[in-house]
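Enquirer: One-letter residues, chain by chain:
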Amino acid sequence: MMMWFRTHGLTACVLLLVGLFCLGPVLWQAVTSLKPDQDLVRLPPLIPERVTGVHYDRVLLQSSLPRSLANSVVVAASATVTAIVVGSFCAFALARLPIAGKSVILGVALVTSMFPPIAVISPLYLLMRELGLRDTLVAVGLTHAVYSLPLAVWLLTSFFQQLPKELYQAARIDGCTPLQALLTIILPLARPGLAVAALLVFIYSWNEFMFALTLTASDTTRTAPVAVALFPGLYEIPWGDLAAASLVVTLPVAGLALAFQRHIIAGLTAGSVKG
Amino acid sequence: MAEVRIEQLEKRIGPKTILPPLTLTVHDGEFFVLVGPSGCGKSTLLSLLAGLDQPTAGRILFDGNDVTDLEPRERDVALVFQSYALYPHMTVRENMAFPLSVVPRAKRLERPRIEEEVQRVAGFLGLSALLDRRPRELSGGQRQRVALGRALIRKPRLFLLDEPLSNLDAQLRASMRAELLRLHKELKVTTIYVTHDQTEAMTLGDRLAALNQGRVQQIGRPHDIYAAPANLFVAGFMGYPPMNLLSARLKNDSIQAGPWHLTKPPEAPTVSQEQTVTVGLRPEDVVVGPANGLDDEGVVCGIVRLTEPSGPTLWVTVELNDLNSEAFTIIGTAQAGFVPKIEDRVEVSALQATLHLFDPMTGLRLGAS
Chain A
251 MMMWFRTHGL TACVLLLVGL FCLGPVLWQA VTSLKPDQDL VRLPPLIPER VTGVHYDRVL
311 LQSSLPRSLA NSVVVAASAT VTAIVVGSFC AFALARLPIA GKSVILGVAL VTSMFPPIAV
371 ISPLYLLMRE LGLRDTLVAV GLTHAVYSLP LAVWLLTSFF QQLPKELYQA ARIDGCTPLQ
431 ALLTIILPLA RPGLAVAALL VFIYSWNEFM FALTLTASDT TRTAPVAVAL FPGLYEIPWG
491 DLAAASLVVT LPVAGLALAF QRHIIAGLTA GSVKG
Chain B
269 MAEVRIEQLE KRIGPKTILP PLTLTVHDGE FFVLVGPSGC GKSTLLSLLA GLDQPTAGRI
329 LFDGNDVTDL EPRERDVALV FQSYALYPHM TVRENMAFPL SVVPRAKRLE RPRIEEEVQR
389 VAGFLGLSAL LDRRPRELSG GQRQRVALGR ALIRKPRLFL LDEPLSNLDA QLRASMRAEL
449 LRLHKELKVT TIYVTHDQTE AMTLGDRLAA LNQGRVQQIG RPHDIYAAPA NLFVAGFMGY
509 PPMNLLSARL KNDSIQAGPW HLTKPPEAPT VSQEQTVTVG LRPEDVVVGP ANGLDDEGVV
569 CGIVRLTEPS GPTLWVTVEL NDLNSEAFTI IGTAQAGFVP KIEDRVEVSA LQATLHLFDP
629 MTGLRLGAS
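Residue numbers (the working numbering), protein chains in the order written: chain A, 251 to 525; chain B, 269 to 637.
Since the hints were derived computationally from the structure, they do not count as laboratory data. C-beta: ideal position from N, C-alpha, C; glycine also. Check each hint, because a few of them may be wrong.
Which bits of chain A does chain B cover? Going by a derived footprint, with three or more residues having C-beta under 8 Å, they are [to be verified]:
1. 387 to 395
2. 426 to 439
DSS-like cross-link-like pairs, simulated, lysine-lysine; straight-line CA separation at most 27 Å [what the hints assert, rightly or not]:
3. A:Lys415 <-> A:Lys352
4. B:Lys423 <-> A:Lys415
5. B:Lys423 <-> B:Lys453
6. A:Lys415 <-> B:Lys284
7. A:Lys352 <-> B:Lys284
8. B:Lys456 <-> B:Lys532
9. B:Lys519 <-> B:Lys532
10. B:Lys456 <-> B:Lys375
11. B:Lys456 <-> B:Lys423
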């Protein structure tokens, strides 16, 4: 034990500190969400003596949060599918097809993703209104897809480029059109990359606040982060409800990240070339 | 099956010339080898033939039809990659069936027919027991066979092989060479085989083209090229150990090559007196024997630097001094029964029979080729 501490003690301490730094607020939220209202602003006790589910009851059964969660799922899923489908075609063209100015295209894509959302929000709002999409999930999903597309294109381009070029060439010689080669060879092999890109787009869309706030106006279209932000009433802030809602909103993406992690690690290309 | 004609084919990327204009004809049903050191443009040429790359200028004709602008799938060409390029997410069966299953629906064979074809080719290549495995579960030789099977299954007009054996170990390589020849004999598909290994080129090719820096140095049957290399590059590249190349001077009817006085061969060309030439001596024409201690006229002695046993012959690298006392090395064959050790003093003599003469300025072979 002494030996172990001597060799790994410092590492363990640093890890503990970093862990506390990252997860401390989450832990605090979890504790808060279980405290009865009267204990909320009292310290001590640090660990609540009485535990209550009243906040969760209120958030899940008596508010519009479930509806907002469903909205978030629809928006994030459709944004992810759109960004990945369009992004795959785009990335494939950039990675394998003979087109001029590839680096310029990638550069421009990068530049557009650097625009601060606040800079495009007014024109975007006007555009959506003209299109008759204001206060619809389509508007939010579409915006998220467009905004995460540069990221998806960049990620997928590098994943496609990492696949041995010979595999694409072999497919072409075996009689595939470029599209067939993409669908039958490249996409199945780039599954870990697709998963990573999809995960990042999904998390971005799930967490995105400003577009969702601007483009929606009613409970039927609000996404979860917007709904949580609108929890506070006029005269009091329901800390317990907020904490419970935050945890409920965080849980799905945290779960997704855990589930996808295994997928990412699976090295599918093993054995394709040499080895 | 097709005759392949390449006319003034050229590939440039920007200002850089990858392949200078090249003209070449490969006969129908021939096993043709492109051999050259890496970077000589042979893989580029293969990509152009397969349609993976577009030439800057020139034409490619299969049986007289211009295919230069056709897509790979329209050319009916099969290519075996050095890395095999098997699809890792598919089983051996799916890999081999792939070229048949991506054909447009109207022309596609029915499923049972495809399976029949897979079975036939797998039987042919000894893969029947491995059909449900994935590429990563196969050995190098087995992967190589699958790659061959995938290429053969659709009976292509032209069969391209890009260094297909270079990832195999030496023993397997020899047996795969024999297998490739057997396949070619049975299928009679026009084959173009690219390699940097001159042994492979010599043993496999009906004819071969030696390439250097994109230019064809010599085209011919392996034996003819070995017997009469067209220039210094081919002389030094084809054959192992490489030919000894000595700077020499013509004097009357003899040639002063290094320390030797050699008789000018009868077919030797009209070279002006005192002209400097390069003499090529194959290692098998240089005999290394024990030094007898006598300093006879015409006896040349040197120090053994390296011995290389190769089956019945023992190659010996000997360091000699030329007339100007500058050291140079020459590779020869040890006399039967003579096993020199490193640092031994030995006697080296050159057989007269086969001298190769080259112009040191142009590098070209002199005299009747």
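Enquirer: Does each hint fit the structure? Answer for all of them.
Expert: Against the structure, the hints:
no. : hint                  : result
1   : 387 to 395            : violated (count 0)
2   : 426 to 439            : holds (count 7)
3   : A:Lys415 <-> A:Lys352 : holds, 17 Å
4   : B:Lys423 <-> A:Lys415 : holds, 24 Å
5   : B:Lys423 <-> B:Lys453 : holds, 14 Å
6   : A:Lys415 <-> B:Lys284 : holds, 22 Å
7   : A:Lys352 <-> B:Lys284 : holds, 20 Å
8   : B:Lys456 <-> B:Lys532 : violated, 45 Å
9   : B:Lys519 <-> B:Lys532 : holds, 9 Å
10  : B:Lys456 <-> B:Lys375 : holds, 25 Å
11  : B:Lys456 <-> B:Lys423 : holds, 10 Å
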